[in-house]
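S.K.: Chains A and B supply the protein sequences, listed in that same order.
Just so you know, we're using my numbering here: the first sequence kicks off at 1 and counts up by one.
Just so you know, we're using my numbering here: the second sequence kicks off at 1 and counts up by one.
Quick caveat, the hints were computed from the structure, so don't treat them as lab data.
Treat the hints loosely; a few may be bogus.
Since the list gives no way to pick one copy over another, a pair counts as held whenever it fits inside one copy or between any two copies.
Derived lysine-lysine pairs resembling DSSO-like cross-links, with alpha carbons at most 27 Å apart [claimed, not checked]:
(1) Lys5 / Lys186
(2) Lys307 / Lys151
(3) Lys279 / Lys311
(4) Lys211 / Lys186
(5) Lys186 / Lys269
(6) Lys211 / Lys20
(7) Lys279 / Lys186
(8) Lys5 / Lys211
(9) Lys344 / Lys311
Protein chains: 2
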Amino acid sequence: MNYNKPFTPDEYARRLSQTKSRMVAAGFDLLVCQDPANMGWLTGFDGWSFYVPQCVLVHVNEDAPIWFGRAQDAKAAHLTTDIPAGNIVGFSERLIHHAEEHPFDELAELVRSRGWGSARIGVELDAHYYTARGHQHLTAGLPQASLSDSKELVNWARLIKSEAELVYMREAGVICTATMQRALEKIAPGVPEYEVIAEVYHAQIMGVDGKFGDYTSLCPLIQVGEGTSTPHLTWTDEVLPDNTLIMMEIGAARRHYHAPLTRTIHLGKPPAPVVDLAKVIVEGVDVALEMARPGVSAEDVEAAWQKVLNKNGYSKESRVGYSIGLNYPPDWGERTVSLRPGEKTELQAGMCFHFQSGVWLDDYGAAVSEPFIVTENGGERLCDAPRELIVID
Amino acid sequence: MNYNKPFTPDEYARRLSQTKSRMVAAGFDLLVCQDPANMGWLTGFDGWSFYVPQCVLVHVNEDAPIWFGRAQDAKAAHLTTDIPAGNIVGFSERLIHHAEEHPFDELAELVRSRGWGSARIGVELDAHYYTARGHQHLTAGLPQASLSDSKELVNWARLIKSEAELVYMREAGVICTATMQRALEKIAPGVPEYEVIAEVYHAQIMGVDGKFGDYTSLCPLIQVGEGTSTPHLTWTDEVLPDNTLIMMEIGAARRHYHAPLTRTIHLGKPPAPVVDLAKVIVEGVDVALEMARPGVSAEDVEAAWQKVLNKNGYSKESRVGYSIGLNYPPDWGERTVSLRPGEKTELQAGMCFHFQSGVWLDDYGAAVSEPFIVTENGGERLCDAPRELIVID
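Same shape as in the complex, but just chain A (with noise of 0.2 Å):
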């Protein structure tokens, strides 16, 4: 089978360099990933697997990371990555949600195995798929090895994107745009909510020039009406109303690079309020985005946005952004750098962040939202949708 790899083994050579770097200034001998993207990033593994115990494990002193996982998931490694095959190693399948017994404690003697039984352990410790109960196995497996939070090490890796990566995200955008101005011209009066998700997700795996979209960490999100002011809900079988706000927030994923987006649309002639919120919005994305160069703080890019949505009588009190990249679900973010206050990080030419500058108030909300690649002349758009409150008429 011909398996189209993302990148060169230059490319997960580098990765993987730049991870025992880190490794060594953070003091592990032995890094535990289980999180998707960094699994995928560390070596191209891809599947949707990840809903069962499994990782990709780094030693500082080993040429290949090894593969750990269900046995039946052992040939999507030898199909996805370049792994050696000895280093692929599939766990009994008995072990699958078993009372007592749990796949980590085969993990736990892989390690020892390997003579690393005593070694300095990193595990990821807040990602999403890591349970506590896995961590107790691990523990319990291996009471010589100290064991502590690698504290997103790989995910902090992984923010400033290669050319290469950097390929994947404008594609993505692409596809995004293409997506958002397929859902525009479906979003009319009558027009039930699900018709207009169909589309969406017709649209983002099609792609555009025969470069196909991956499915999306997060699924189309769609809220109408008081729905605007919590931003997580999914769709329904109401018609769209004649006369109402719709928020969409949806991505595009290419080779599993996000490009997410949020527009605001108004069915009918909008209140003022919220031509006068939309154009604010507007306003401090733009802001924002010309800072948003090498040197510059993530706090300081929120709070010139801050300061443009305070002196029109508005405030945000969430982030306003937050770095994206390769992901799976269930979120596109990095769970990184997040644009707030408090956040010292320097931004630099190529890292990427989604400006999600959703504004929720109690009865209504709006978001015109962009995605973007920090270059020395400010934030470049991955997206090319209308920057506005949209009105369908």
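Place chain B on chain A using the hints.
M.R.: Quick look at chain B alone, frame taken from chain A:
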């Protein structure tokens, strides 16, 4: 906003009461449910916010559950549940991805403030989103309490479906059948894999007869050629060749209730070994479903299937089925009963399973699966797709 709740208040009251009985039997005063399906089953809560810490609390002496989550998602709890406003508690936004603090610090505070600081607390130790770090913070914040694994207590309470739930299961089956049909219409030599998937997504959401579909807990899976030897690969831009084996596992979700389905397709005249394997699988499924009646044990159903395989020279190591129902990504299995050796649970009317009859050999595989309801007359199939190796010539 007219958010159309999937069940009556009576049904939620019944679920809560069942859960409390199980809590008493297991010796818990308080339950912390983070599994999105458990949150939804107990309260109706719905939204794609499970990528941040959130949970539903159930106390044996309290009439109503408590929703705890991100402040910006609290409105979704107000809209989608009947939880009294005073029991919907948002955590501080600054705790999102905070290096030292964690939202569960405030959860511990909430538990203490209700006077439950010394309670016997059940937590979902192995739920996908219950991270090791969250557990450490909750434990540290409740030094007087005793925290222990609830061992999927609510998942087990979900095992037997009510009549109202079975309505959604059957509707999901109808949507899944239509979706598979659409895929089969699209599959042909020369068509890129992703074009098939785009149709699948569209059909999943459009549903049937105005009954729309929700996002499914697994994305559509397609494996081609040698890829059929492993189950969880996703689509590429390769075009389907003239003469090849294809396996597709797809699902449909109706109000988040799932019917999953796998079919094996051959483009062109299929080789004899594949025809033979598929025939054996279909026979095994028929025998097993015939047996799937109240009072029969889960392991006996598996044994009947395995016997058909063995007498034909095949075997399947992994479990041949698992309980299904309400679910959220990343898995549509309920993580309770598996159809496998050693599983003594007796089937009861209203339990639902995905009979996942996939047999993955070294170089290829085949599967002709069926989602079904346990009834007095054996397994009632939820889908009505061709029960055979599907040949497209």
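S.K.: Are the hints correct? Go through all of them and say.
M.R.: We went through each hint and held it up to the structure:
1. Proximity of Lys5 and Lys186 under a CA criterion of 27 Å is satisfied inter-copy only: 26 Å between copies versus 35 Å inside one chain copy.
2. For a Cα distance limit of 27 Å, the shortest separation of Lys307 from Lys151 qualifies neither inside one copy, at 32 Å, nor across copies, at 49 Å.
3. In this assembly of identical chains, Lys279 and Lys311 lie within 27 Å of each other by CA distance solely inside one copy; the values are 13 Å within and 72 Å between copies.
4. For the homomeric pair Lys211 and Lys186, the shortest alpha-carbon distances inside one copy (23 Å) and between copies (19 Å) are both at most 27 Å.
5. In this homomeric assembly, Lys186 and Lys269 come within 27 Å of each other (Cα to Cα) only inside a single copy, at 18 Å, whereas the closest approach across copies is 41 Å.
6. In this homomeric assembly, Lys211 and Lys20 never come within 27 Å of each other (Cα to Cα): the closest approach is 33 Å inside a single copy and 52 Å across copies.
7. Taking the shortest alpha-carbon separations for Lys279 and Lys186, only the intra-copy value of 24 Å comes in at or below 27 Å, while the best inter-copy value is 44 Å.
8. In this homomeric assembly, Lys5 and Lys211 come within 27 Å of each other (Cα to Cα) only inside a single copy, at 14 Å, whereas the closest approach across copies is 39 Å.
9. Taking identical chains as interchangeable, the C-alpha atoms of Lys344 and Lys311 lie at most 27 Å apart only when both belong to the same chain, with a minimum of 24 Å there against 67 Å between chains.
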